[in-house]
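Visitor: Read off the chains here:
2 protein chains.
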Amino acid sequence: MYLHHVAAYLPATVVANDHFTRLNGLASDWIIERTGIRERRRAGAKENTNTMAIAAAERVLREAPGIDTADIDLIIGATYTPHDTIVTLAHAVQHALGVADIPVVSISSACSSLLNAVEIVEGYFALGKARRALVITSEHNTAYNNEHDTVAGHLWGDGAAALLFTADKLADTDLRVNEVITAGAATVGKATTAVTLRPLDRDIVMPHGRDVFQYACQYMTQVTEQVLSRNGLTVQDLRWLIPHQANKRISDVVLRNTGLPPERLVSNVETLGNTGCAGAAIGLADTLPGLQPGDRVVVTVFGGGYSYGAMLLTRE
Amino acid sequence: MYLHHVAAYLPATVVANDHFTRLNGLASDWIIERTGIRERRRAGAKENTNTMAIAAAERVLREAPGIDTADIDLIIGATYTPHDTIVTLAHAVQHALGVADIPVVSISSACSSLLNAVEIVEGYFALGKARRALVITSEHNTAYNNEHDTVAGHLWGDGAAALLFTADKLADTDLRVNEVITAGAATVGKATTAVTLRPLDRDIVMPHGRDVFQYACQYMTQVTEQVLSRNGLTVQDLRWLIPHQANKRISDVVLRNTGLPPERLVSNVETLGNTGCAGAAIGLADTLPGLQPGDRVVVTVFGGGYSYGAMLLTRE
Numbered sequence: 000m001y002l003h004h005v006a007a008y009l010p011a012t013v014v015a016n017d018h019f020t021r022l023n024g025l026a027s028d029w030i031i032e033r034t035g036i037r038e039r040r041r042a043g044a045k046e047n048t049n050t051m052a053i054a055a056a057e058r059v060l061r062e063a064p065g066i067d068t069a070d071i072d073l074i075i076g077a078t079y080t081p082h083d084t085i086v087t088l089a090h091a092v093q094h095a096l097g098v099a100d101i102p103v104v105s106i107s108s109a110c111s112s113l114l115n116a117v118e119i120v121e122g123y124f125a126l127g128k129a130r131r132a133l134v135i136t137s138e139h140n141t142a143y144n145n146e147h148d149t150v151a152g153h154l155w156g157d158g159a160a161a162l163l164f165t166a167d168k169l170a171d172t173d174l175r176v177n178e179v180i181t182a183g184a185a186t187v188g189k190a191t192t193a194v195t196l197r198p199l200d201r202d203i204v205m206p207h208g209r210d211v212f213q214y215a216c217q218y219m220t221q222v223t224e225q226v227l228s229r230n231g232l233t234v235q236d237l238r239w240l241i242p243h244q245a246n247k248r249i250s251d252v253v254l255r256n257t258g259l260p261p262e263r264l265v266s267n268v269e270t271l272g273n274t275g276c277a278g279a280a281i282g283l284a285d286t287l288p289g290l291q292p293g294d295r296v297v298v299t300v301f302g303g304g305y306s307y308g309a310m311l312l313t314r315e
Numbered sequence: 000m001y002l003h004h005v006a007a008y009l010p011a012t013v014v015a016n017d018h019f020t021r022l023n024g025l026a027s028d029w030i031i032e033r034t035g036i037r038e039r040r041r042a043g044a045k046e047n048t049n050t051m052a053i054a055a056a057e058r059v060l061r062e063a064p065g066i067d068t069a070d071i072d073l074i075i076g077a078t079y080t081p082h083d084t085i086v087t088l089a090h091a092v093q094h095a096l097g098v099a100d101i102p103v104v105s106i107s108s109a110c111s112s113l114l115n116a117v118e119i120v121e122g123y124f125a126l127g128k129a130r131r132a133l134v135i136t137s138e139h140n141t142a143y144n145n146e147h148d149t150v151a152g153h154l155w156g157d158g159a160a161a162l163l164f165t166a167d168k169l170a171d172t173d174l175r176v177n178e179v180i181t182a183g184a185a186t187v188g189k190a191t192t193a194v195t196l197r198p199l200d201r202d203i204v205m206p207h208g209r210d211v212f213q214y215a216c217q218y219m220t221q222v223t224e225q226v227l228s229r230n231g232l233t234v235q236d237l238r239w240l241i242p243h244q245a246n247k248r249i250s251d252v253v254l255r256n257t258g259l260p261p262e263r264l265v266s267n268v269e270t271l272g273n274t275g276c277a278g279a280a281i282g283l284a285d286t287l288p289g290l291q292p293g294d295r296v297v298v299t300v301f302g303g304g305y306s307y308g309a310m311l312l313t314r315e
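Protein sequence lines, in the order shown, are assigned to chains A and B. Residue numbering for the first sequence follows numbering that gives the first Met the number 0, starting at 0 and increasing by one per position. Residue numbering for the second sequence follows numbering that gives the first Met the number 0, starting at 0 and increasing by one per position.
It is possible that some hints are incorrect.
Since the list gives no way to pick one copy over another, a pair counts as held whenever it fits inside one copy or between any two copies.
Claimed, not checked - The calculated DSBU-like cross-link candidates involving lysine-lysine, where the alpha carbons are at most 30 Å apart (straight line), are:
1. K128 / K168
2. K247 / K189
3. K189 / K128
4. K247 / K168
5. K189 / K45
In short, the hints are calculated from the structure, not lab data.
Pulled out of the complex, with its shape left as it was, chain A reads as follows (with noise of 0.2 Å):
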């Protein structure tokens, strides 16, 4: 299985931290550096989750080359700050692409919902119910953010990115997909209460901030230690770690950890705040054309609930 190209969509507002200066009285300084982030985008008043998926969708699709949207037989969406649960994302990717007839479905793992839709293209793909599969990781999350909490109004940002899967290698520039490792850890610590968006309360909260934070830093390292020793591979042999981009002090962490020099870390943090589930893609989307041969990536998510994956890529 082959990753063939993956693609961003960015909303153009541009929200810096004064914002929340004169909001609720919270220092540039200090929200940069307990989180890194200096900025974050917010979707427009027309925009959604559906909307910034299709962006995302339509752009892959334009830039892939030689794949056409026809072609296109497994969509996958994946958000937690959904638009429409009925129509889903996935859906609305599938009526703006035309493509009849093929599986369509979106998912939530929350922040780590990236590993599990590409968990499911490979099961598709070991099933030969397809071959060419797009995933649409979106986040809405000012939709459904409450600016004026203090403990995690300031982290949230909005955007998207499509990822092209495809059974067979199509171009030199494709990623071999090693080995993708997703699971639940619902039965540690405080992972049912710590963080929580139920849509008729309607505010993303996190009230145990703390332990999100312990447990992203022990279970990105641990299955990124994983995903690599159980292909013969040490940190030493990673070109780039993406993690779940929610905060640069979590992944300065999961640095630490696994031994890895801070040049080795994909951040968008600063400038996009925590997309979600978005965050590792959008990583993956600025990384991708800068991979040489031989090159290798690692992309690690934690997600509220709890979950957590690795994924280890090769360009051949």
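Since the structure of chain A is already known, use the hints to place chain B on it.
Guide: Coordinates of chain B only, in the frame set by chain A:
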């Protein structure tokens, strides 16, 4: 792949049609004539999608011969009426069962999610990444329903069902999963506007019920015939047809279209209303104990967005 056991959970409170007569002036006979629905269940004040999912999961494991909770190695949740999109129903079930470090994810393709969930399990089994999977369907429609909506407010009910799938046959009563077909149909008719649940607007609405009705009849008929013909069978070979439980008139049209006699239909919409993606699964829970060797069952579904699917099961 085998279906080992199915169990339902239904909340205790029964809401009869006269509730909607008092509320909206809709006569019970008028509701019955158009939908077949006489009553439906409503979750209690302390219940939600996650608690009902846990109750169904605990019951299926309590009743299942020869499966320990610790054997479960995959949990797929399904709902379009989420209690929490971060602590999803699958995560809530993992937490309740206490099974660590297995893949856990929740999905939606609206009322047709059951079969997407089964197809995802099929993929994990094909990969060798799981052998004993829990699929849990759970809908808390009344949490998102506007009872004063005279078009669709009286249609919805709450309920859940859990299904236990195994890679190997464990008991004589297991049903072989011969084939699963799923597809999105977001490209036809009014697919992306006919029935929607935008959590920030709170209500489920169905502005184009006739479009839903028409395509539900068309697709459930087509895909039932497709799954049968691909397995060299005709409707004469079926013991039961279990369609999505949306409206008795839709089920009757599908029966008539396929040429099945009325006594082959499994129907619970009369007493449960439309329980979303749980409806057909609850029907399966009721049907399983009475099956004899050689009996065949087709489950066929249709969901807003749109999506459809069919699954052929055989008691060997």
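Visitor: For K189 vs K45, is the C-alpha pair at or below 30 Å within one copy, between two copies, both, or neither?
Guide: The answer is between: 20 Å across copies meets 30 Å, while 36 Å in one copy does not.
Visitor: Since the copies are identical, ignore which copy is meant and state whether K247 and K189 lie within 30 Å (CA to CA) inside a copy, between copies, both or neither.
Guide: Within one copy only: 22 Å inside, 44 Å across.
Visitor: Is the C-alpha distance from K189 to K128 at most 30 Å within one copy, between copies, in both cases, or in neither?
Guide: between (38 Å within a copy, 27 Å between copies)
Visitor: How would you classify K247 and K168 at a CA-CA limit of 30 Å: within, between, both, or neither?
Guide: neither (34 Å within a copy, 48 Å between copies)
Visitor: How do K128 and K168 come out at 30 Å by Cα distance, when the copy is not named: within, between, both, or neither?
Guide: Answer is both: 17 Å inside a copy and 23 Å across each meet the 30 Å cutoff.
When the structure is compared with the earlier hints, a violation turns up for hint 4 alone.
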